[in-house]
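Chemist: Protein chains in written order, with the numbering used here: chain A, 1 to 284; chain B, 1001 to 1210.
Keep in mind that the hints were calculated from the coordinates and are not lab data. Warning: the hint list may mix true and false statements.
To be verified - Keeping only pairs whose Cα atoms sit at most 30 angstroms apart, straight-line, the calculated DSBU-like set for lysine-lysine is: (1) Lys-1105(B) to Lys-1178(B); (2) Lys-276(A) to Lys-1054(B); (3) Lys-279(A) to Lys-1178(B); (4) Lys-275(A) to Lys-1178(B); (5) Lys-1097(B) to Lys-275(A); (6) Lys-275(A) to Lys-1105(B); (7) Lys-1097(B) to Lys-1178(B); (8) Lys-275(A) to Lys-1059(B); (9) Lys-1097(B) to Lys-98(A); (10) Lys-1054(B) to Lys-1112(B); (11) Lys-1112(B) to Lys-98(A); (12) Lys-1171(B) to Lys-1105(B).
As the structure is a computational prediction, the values presented were derived from the model and not from experiment.
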Amino acid sequence: MDNIRSVLFLGTNNIRRWAYNPKYYTIAILAVLWMHFIVGSLSSFTNSVGVNATPWVFPFLFSQRYTPMLLMIGIIVIFSDAPFINLSTPYELIRSGKRNWVKAQISYVVFTSFIWVVFLFIVSILCLLPNLDFSWEWGKVYRTLAQTNAAAEFSVNLAVSYDIILGFTPIQATIYSFVLVFLEMTFLGMLIFTFSAVFSRSIALFTSFILAFMPAGLALSGMPAFYYFTPTAWSDLLLFVPGNSLDYPPLNYCILFLTISIIVLIIISIILAPKKETKVLLPV
Amino acid sequence: MCIVKVENATKIYGDHTVLNNLSINFDAGCIHGIVGRNGSGKTVLFKAICGFIKLNSGKIWINQEQLGKKFDVPEQVGIIIEAPGFLPNYSAYGNLKLLASIKNKISPAQIKEAIAIVGLDPESKKHVGKFSLGMRQRLGIAQAIMEDPQLLIFDEPFNGLDIAGVEDMRKLFLDLKKQGKTIIMASHSSEDVNLLCDTVHKMDKGQWIE
């Protein structure tokens, strides 16, 4: 019990350091600006038609061409300090032991991924203000944008897919998106942490950037089978639309793959990272 | 009784041998001094004793337990190795509270006592970011002693301290010795070492020298 408390406490210690590193503010501000560019552009349409949007914009964000890639680059920059060894680390390690310290960093990766997804979800809703109405339905705004050329006429930057509206209820789509994005971010975070701890920070960042850029390449390749090996592309709900004739990976496969990969990376970290030297690295 | 035993410790970085087949026993209840130039291997030896680095060969025992077998870092050790990375927007107490919360073995009163022992004000709300180098060093010593460890490893503990500060810390180290603590310290200053230490070891190029 003491170990769990100590691990969770150490994990949150890293979050306390966010206040002293401008990169966290910068990433958050850039994410807000990008979301405002995409979601905020709905206001021209909602103002014109006099109908407010419902809060369920989050699932559509990950069907945009560049948004998933940019948000993933954000999380890569957030985790670019991995394996999170700074000048405080020796003083934490001597009190916690190496294995507990590694577990704490893993918990930090999971916390941070969760916070990042919650942050994006909240910002997506805030960007709709003041043209926001609550409803359990998709609402007229998204349906109209999906079925007409209103988006082009009103310079709306959000591409709304009618397949998502037909295939999922708003709650379903939001939960699936939330879970998939959280798992993707955690997967990327664990990959960066494990590779940084076991190999080097440069290998970790190079690999994660390749993974973040892969979905853009896949879209151009037009080969659905490649999606089976690109976990960073799985936040797009269009892949899982019921009755999709293309050979995209099923939702269960993606969730299972990401979960198992995260568990494997956690096990590798817990076994190998404590055996590595505690070398203080410069903050990024 | 020997509290730390280092046997044939060798550490090589690239083609540079930092510790060269080094052996030593540190007896409990004494102050042991290690002197040597920058790069002589003092800090690497301390890091090896703390389990932060892996030796290429050799073994280290702390309290008769081999490092890396039952435990990966020694328990009951207080350290100052490199400048402690305190959070600049927290007070002295706030910073030590964060570190103490990892083990959760001492009370707020004990944390405050450690801060007072090194000559800082435990009730002060002043942020560590506004501390002088000497005050940070005092706080570093407070974090090392606050959990009442039996073994203290201090790498250049008097760095940044003014004359009064050095004098205070010398007294503190002698008090700690009286309480039965073992201190292993590295220093550039032969005066500190000669005044405080029961044993003095000179190091150069990862080896003991006469």
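Chemist: Look at each hint and say if it fits the structure.
Modeler: Results of checking the hints against the structure:
no. : hint                       : result
1   : Lys-1105(B) to Lys-1178(B) : 23 angstroms, holds
2   : Lys-276(A) to Lys-1054(B)  : 7 angstroms, holds
3   : Lys-279(A) to Lys-1178(B)  : 34 angstroms, violated
4   : Lys-275(A) to Lys-1178(B)  : 37 angstroms, violated
5   : Lys-1097(B) to Lys-275(A)  : 28 angstroms, holds
6   : Lys-275(A) to Lys-1105(B)  : 27 angstroms, holds
7   : Lys-1097(B) to Lys-1178(B) : 27 angstroms, holds
8   : Lys-275(A) to Lys-1059(B)  : 15 angstroms, holds
9   : Lys-1097(B) to Lys-98(A)   : 20 angstroms, holds
10  : Lys-1054(B) to Lys-1112(B) : 35 angstroms, violated
11  : Lys-1112(B) to Lys-98(A)   : 27 angstroms, holds
12  : Lys-1171(B) to Lys-1105(B) : 26 angstroms, holds
Going down the numbered hints, you'll see the structure goes against 3, 4 and 10, while the others check out.
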